[in-house]
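*Asks:* Chain by chain, the residues:
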Amino acid sequence: AQKITQTQPGMFVQEKEAVTLDCTYDTSDQSYGLFWYKQPSSGEMIFLIYQGSYDEQNATEGRYSLNFQKARKSANLVISASQLGDSAMYFCASNSGNTPLVFGKGTRLSVIA
Amino acid sequence: DGGITQSPKYLFRKEGQNVTLSCEQNLNHDAMYWYRQDPGQGLRLIYYSQIVNDFQKGDIAEGYSVSREKKESFPLTVTSAQKNPTAFYLCASSAKQGAYSPLHFGNGTRLTVT
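Each protein sequence line maps, in turn, to chains V and G. Each residue of the first sequence is one higher than the one before, counting from 25 in our numbering. Each residue of the second sequence is one higher than the one before, counting from 10 in our numbering.
Among the hints, a few may not be true.
[To be verified] DSSO-like, lysine-lysine: derived pairs with alpha carbons at most 27 Å apart: (1) V:Lys-94 / V:Lys-27; (2) G:Lys-105 / G:Lys-79; (3) G:Lys-18 / G:Lys-92; (4) V:Lys-129 / G:Lys-66; (5) V:Lys-129 / V:Lys-27; (6) G:Lys-66 / V:Lys-27; (7) V:Lys-97 / G:Lys-79; (8) G:Lys-23 / G:Lys-80; (9) G:Lys-105 / G:Lys-66; (10) G:Lys-18 / V:Lys-129; (11) G:Lys-66 / G:Lys-23; (12) V:Lys-94 / G:Lys-105; (13) G:Lys-105 / V:Lys-40; (14) G:Lys-23 / G:Lys-105; (15) V:Lys-129 / G:Lys-79; (16) V:Lys-27 / G:Lys-79; (17) G:Lys-92 / G:Lys-23; (18) V:Lys-97 / V:Lys-27; (19) G:Lys-92 / V:Lys-27.
[Said to hold, decoys possible] Here are the simulated distance ranges between beta carbons: (20) V:Ala-137 / G:Ile-69: 20 to 28 Å; (21) V:Gln-54 / G:Pro-84: 30 to 38 Å; (22) V:Asp-53 / G:Asn-37: 23 to 31 Å.
Since the hints were made in silico from the structure, they are not lab data. Here a beta-carbon is modelled for each residue, glycine too, at the ideal position from N, C-alpha and C.
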């Protein structure tokens with residue numbers, strides 16, 4: 025079964041700086057997907073970025089990029105040029121084959137002006 | 010606009026009562042899911058359904074029941090057998106089960122049982 029570990033319960037970053045949120049995963053499958061979601065205080069879950077296990081290039085979506093290191097089984101989210109609106113919970117998740125998404129416990133990011 | 014509607018946003022019930030949380034989607038997605046979120050626990054899977062009239066238990070299905078009579082609807086019943094029902098419940102859908110399809114979430118229902 026998939027297991028996702030997010031070791032940072034909380035992170036602080038200065039506005040306009042970059043921040044990296046850590047995520048490691050544990051799977052014996054060769055083919056899998058990695059996802060990051062943002063959850064603002066309002067509660068909705070917003071899909072940010074996806075990386076497939078066979079993708080050779082790191083995924084990027086605007087200010088979000090996924091630092092995928094397959095051998096280390098890590099899929100860190102990098103947010104560049106942080107904004108106050110980036111303050112939220114961030115969840116790493118993964119699935120493989122026909123299995124539903126498994127989520128980590130999340131990291132609370134606080135952006136400081 | 011296509012999306013997932015969960016209602017109500019807040020729900021209050023007395024202990025011992027069953028309660029049903031609504032989830033409707035107009036995205037024409039095949040797969041639907043229910044997750045539970047507690048503080049510091051992340052999201053945990055309760056039930057999921059890949060097609061109409063079929064569903065599977067997730068990691069924490071005890072005390073919950075679901076039905077999938079229509080593609081658009083996947084209601085969750087929290088029964089009196091659920092020991093700690095107070096939580097934030099999120100419904101989601103995807104175009105197909107697994108296969109790297111991102112989940113689209115509703116806005117959630119916050120259930121409080123006293």
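*Asks:* All the hints need checking, so say for each whether the structure fits it.
*Replies:* Going down the list of hints, with the structure as the test:
no.: 1; hint: V:Lys-94 / V:Lys-27; verdict: holds, 15 Å
no.: 2; hint: G:Lys-105 / G:Lys-79; verdict: holds, 16 Å
no.: 3; hint: G:Lys-18 / G:Lys-92; verdict: holds, 22 Å
no.: 4; hint: V:Lys-129 / G:Lys-66; verdict: holds, 21 Å
no.: 5; hint: V:Lys-129 / V:Lys-27; verdict: holds, 11 Å
no.: 6; hint: G:Lys-66 / V:Lys-27; verdict: holds, 18 Å
no.: 7; hint: V:Lys-97 / G:Lys-79; verdict: violated, 39 Å
no.: 8; hint: G:Lys-23 / G:Lys-80; verdict: violated, 31 Å
no.: 9; hint: G:Lys-105 / G:Lys-66; verdict: holds, 17 Å
no.: 10; hint: G:Lys-18 / V:Lys-129; verdict: holds, 23 Å
no.: 11; hint: G:Lys-66 / G:Lys-23; verdict: holds, 26 Å
no.: 12; hint: V:Lys-94 / G:Lys-105; verdict: holds, 25 Å
no.: 13; hint: G:Lys-105 / V:Lys-40; verdict: violated, 38 Å
no.: 14; hint: G:Lys-23 / G:Lys-105; verdict: violated, 37 Å
no.: 15; hint: V:Lys-129 / G:Lys-79; verdict: violated, 32 Å
no.: 16; hint: V:Lys-27 / G:Lys-79; verdict: violated, 32 Å
no.: 17; hint: G:Lys-92 / G:Lys-23; verdict: holds, 13 Å
no.: 18; hint: V:Lys-97 / V:Lys-27; verdict: holds, 11 Å
no.: 19; hint: G:Lys-92 / V:Lys-27; verdict: holds, 25 Å
no.: 20; hint: V:Ala-137 / G:Ile-69: 20 to 28 Å; verdict: violated, 39 Å
no.: 21; hint: V:Gln-54 / G:Pro-84: 30 to 38 Å; verdict: holds, 37 Å
no.: 22; hint: V:Asp-53 / G:Asn-37: 23 to 31 Å; verdict: holds, 28 Å
In terms of the numbered hints stated before, the structure departs from hints 7, 8, 13, 14, 15, 16, 20, listed from lowest to highest.
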